[in-house]
Amino acid sequence: MQNRSSLLKVSNVYKSYAQTKVVKGASFELKKGEIGCLLGPSGCGKTTLLRLIAGFEEINSGEVTINNDLVLSQNTFVPPEKRKVGMVFQDYALFPHMTVAENIAFGLNNNKKGQKTIRVNHLLKLVGLTQSAKAYPHELSGGQQQRVALARALAPKPELLLLDEPFSNLDVSLRERLTIEVRDILKESNTTALMVTHNQFEAFSVADCIGVIFDGIIRQWDDAYKIYHQPETLDVATFVGDGSIIKGTVLAENTVSCGLGKLTGDLSLPCSHGCDVNLLVRPEDVLHDDNSALKARVIHKSFRGPNILYKLELPSNEICHALVSSHHNHQLGEEIGIKPEVDDLIIFPV
Amino acid sequence: MFKKILSAALLIALTAPVYAVDKEVVVYSARKEHLIKPLFDLYTKNTGVKIKYTTGKAGALLERLKAEGKNTQADLLITVDAGNLWHAEQAGVLQPVSSVSLNTAIPANLRDPNGNWFGLSVRARTIVYNTNKIKPEQLSTYEDLASDKWKGKLVLRTSKKVYNQSLVASIISEQGHKQAKKLISGWVNNLAVAPFSNDTKALEAVAAGIGDATIVNTYYFGRLQKKKPNLPLAIYWPNQETDGVHMNISGAGVTKFSDNKKEAVKLLEWLASEEAQTQFAALNLEFPANPKVPADPAVTKWGNYIGSKINVSVYGKLQADAIKLMDEVGYK
Amino acid sequence: MLTRKYNKSKGPWRLITWTFSFLVIIPVITIFSSFLYPEKEIWQHLVATVLSELVINTVLLVGGVACFTLLIGVTLGWFTGVCDFYGKRFFSWALALPMALPAYVMAFIFLGVMDFSGPVQGFIKTIPGFESTVFEVRSTPFVIIVIGLTLYPYVYLLSRASFMNQGRGVIEAARTLGISPIKAFFKVALPISRPWIITGLMLVLMETLADFGAVSVFNYDTLTTAIYKSWFGFFSLDAAAQLSSFLVFFAFAFLFIDAIYKSRMRYYDSSKGGKVKTNIKLTGWKSFAVFSFCTVILLIAFVIPVSQLILWNIEVITDGEGVELFDHISKTLLLGGMAAVVICLVSILLAYAQRIDGSKVTKILTKISTIGYALPGTVLAIGIAIPVIWFDKLIQEISLQLFAINTGPIIQGSIAVMLIAYLIRFLAVGFGAVNSAMQNIKPSLDDAASTLGKTRIQILYKIHFPLLQKGILTALILALVDVMKEMPITLMIRPFGWDTLAVKIFELTSEGEWVRAAQPAFYLVLVGIIPVLILIKKMEK
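Residue numbers (the working numbering), protein chains in the order written: chain A, 1 to 350; chain B, 1001 to 1332; chain C, 2001 to 2541.
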């Protein structure tokens, strides 16, 4: 039953500390060269899952295999240093008493000296830090430290690279730039990687596939598009992206009646006529149209530069959001015309 | 760092214990190094026999001997105070020695009747007074110091020192518990200041006029006088018409599990001999235990006195009683 | 949130913790086993006569020394740590020097100078109208001051480091909120530094509890003097051991209090504190007052006592009583050095074991391993000697029975036993220093190294050793200085020929030869000052 192409396979893993269950039956696979991401709010068990794979924790049941080698089960425990797993830590964990080059060389064991230098130089170049080879970690900026941590983890050519909230200590602009850089570096070195984050934008820009975790359970394992546009559960839908839930009734195979009127599109769930559902409405699906008959009252707004996110109260007293060009600056309490434009009707049973 | 630690570990391995070989006598001594080493050096020079020694508190050395049992390296135990020797004998760490030369050299009251230990020097615990404040005629006996006329004028050393414990033990032995308690309590009532931690301090306090008189071992007086000859202090020999001056000894015994009894006895005999006795006593301004040997001139100039004839082994027997008695009357 | 677990590799480390705590527990058990032979008669006597006074004296002494060292140590730490005043740079290291003075040496110098026959009272008598003035200095307050003057550096060094590391930032914050420096000290800096101050205070309390030398010079009766009396007067080791268990009880109480405070302790990561913070500038009379305060403390705690030692030395040498002490000095250094290395090694192992296996049991066991600090050296020595001799006899019996070979004594009377004794006595000192350095190393460094293919031992060697250097050095020096000053254990279980300076001091002082004792005492202070200076310089960086 082993899938030959899967590099990391996590099957039905359970983990608890004392009486608290932290991971409750997680299963997923990563293929070689794929970048996966575990996305979820803090305390959801994603970091624990990562640390299990790294070899810092034992499990109660389930299995973890890396490259078809069983590394972790109830009776198996391969220590971290034998797993050929690299890891980038949230605080980078750079060795303060070593230079950048020494940090990167740290995991290079049996190489001959010349090869070691070549490898270190290659990595320095890869992360763009050739100039800083002799610097000490505390002399570097946060972004540079992050790249050293990445280079160090990549140096021994791990089968699998784990990244624990790697961008959380960086400021926003740097974060956006680095996410792209890191993805490029990983792809260039054809590294299989698993990242943990609570930030959906990081997940979207780095990962090939994303697992959304709540309460120790992976709710959905899919690519970014599907996670966003076809969330399988209500909590995935609300955690990923902005959006509002409004009540509706299925009228036909492709029509739902709700506070925004009758909406037509593909139903995400097969549903029979007359069935009551919760409908997810993304703010970008609600357009501003002064001519529309449907009016909603502005109860809150937040300016986002190119556009404004309006929080609106519908005639049905339900709340929905609309993302509108910032040229349309409306006041609180104002009634504005809106027009829903939905392709996929994301519905959840009540 | 790691190398340093390794080399240290190696050093420890190399400094493992070295054990006694023949022609070597091992001594545990409660007599301090500077009071005994010159004699050992002389013995080694005379005979070629090496002496290995360690010093320490009497009680600790005794406990060590007890614990080591038959594995002990010690051949000879030297200690101060008869009480300590008596306890060593009681603990069974000494063995009887029958040596004619020892029995003739050391008077009977200064050795164990069974030959477990022998006194090697005699120390008199006597009264020293401030010559500016009182005249010798005002002094008479230890007992007199308990009378009201000395109120606020007496200086004493702590009751924790074995010399005072032995002194009180001898008083208990001669006068009975009840009388002794009355006497010591009289001393405590007469104290000018709290007891001192050693004899020298007590002497200096008397010299400074804090009190009129104190009870000390003569050699402390001798040492102080040597250093500061102008202090207004003088020795008084009490109880000359009754039982004599309180006498104590320093002495030695051969250990029960000595591997080298012959050499140990030889050393002991030599220590009691005239050659050694002169030095042994003189090193510390004590009186030789061997009556044939004259005391150091610095000591003889204090005049002749009559010493107590009581067998010093009593001190050990009554030591615990003495301590309890002193605790009861609040002698610190 | 996440507990650190590597169950599969924890076994050997757990074994280390168990081994060393067991090692420490042996003498404690030996001491407590004395209750199998109750010394009813002696106890009745003690209870009826002196026991209550001894307990009161001990509590007064320990409490007094605690207050004194807190007052002096914390104020000096504050002034030299965060204030600017005339002479600050000099005082910040000089004020730690009294650490090199053993309390028993300080005590005999103090009495030599201040007692009835000393120069001070002698001088007062020459003043007209004061001819018959005498005053008693052998009283509780002076015992407290004398012991306190030799022990305050522990509190001083730790509180100063804490004020420097984390005091200034929050004080700046507090002052922007309109709080005066003095208020900021009491409301912010002091509470923040409390765990460090308590650590220093713990060392002070334990030392005071175990002190025998200084109190006996003053003839001040405490539980330790009663222990000596029971042993050397009543010749009852059992009664002595039973009294010692009182001290163990006190020590456990201290450890308990310490644990409560430490549980709230958060370590400051110095790698992020690169910014230079400004000091509180003292000017005018304030600067002068602080300068005078530091000067007075330095004078009475160090300059005057050491000068007196030098004067006595000159006296001894001119009297022709000087002795060759080279051998004593080298033995002191050698023993101190070896013991310091052993103490350090074990401290590292224990701190590391605690890092890997953070379970409650391990924490409690490590705490227990440091209890030896509160035991009087003599009692501890006996607690060690008895099992060592028993072990030797056991081996001897076995080899006689099985191979008909008489092995004789094996470990008794060896350097190894001494080192074990020092280890048990001073582990607390080394462990404290190493452990706090260990806790400063982020746990993620271990994880990072292990994902990079390094084993536990490799991580210890490549990551922890280099990062612990400062902590290790502190531990080495504190242990070295403490072992060199140590007297009773050295006296009791040293092998033949291993006479140290402390042994020499004992021999001379117990004969009342205080002036002659000044010679070894001076050398002891001298060899102690060098490591103390290195320590202070290291702490500056």
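Everything labelled a hint here was simulated from the structure, so no lab data went into it. The structure presented is a predicted model; accordingly, all values stated were derived computationally and were not measured. Wrong hints could be hidden among the right ones.
With a Cα cut of at most 30 Å, we get these calculated DSBU-like pairs of lysine-lysine [unchecked claim]:
no.	chain 1	residue 1	chain 2	residue 2
1	B	Lys1070	C	Lys2442
2	B	Lys1332	B	Lys1149
3	C	Lys2187	B	Lys1052
4	B	Lys1057	C	Lys2393
5	B	Lys1261	C	Lys2187
6	B	Lys1066	C	Lys2442
7	C	Lys2393	A	Lys84
**Asked** Which of the listed hints are not met by the structure?
**Response** 1, 3, 5, 6 and 7
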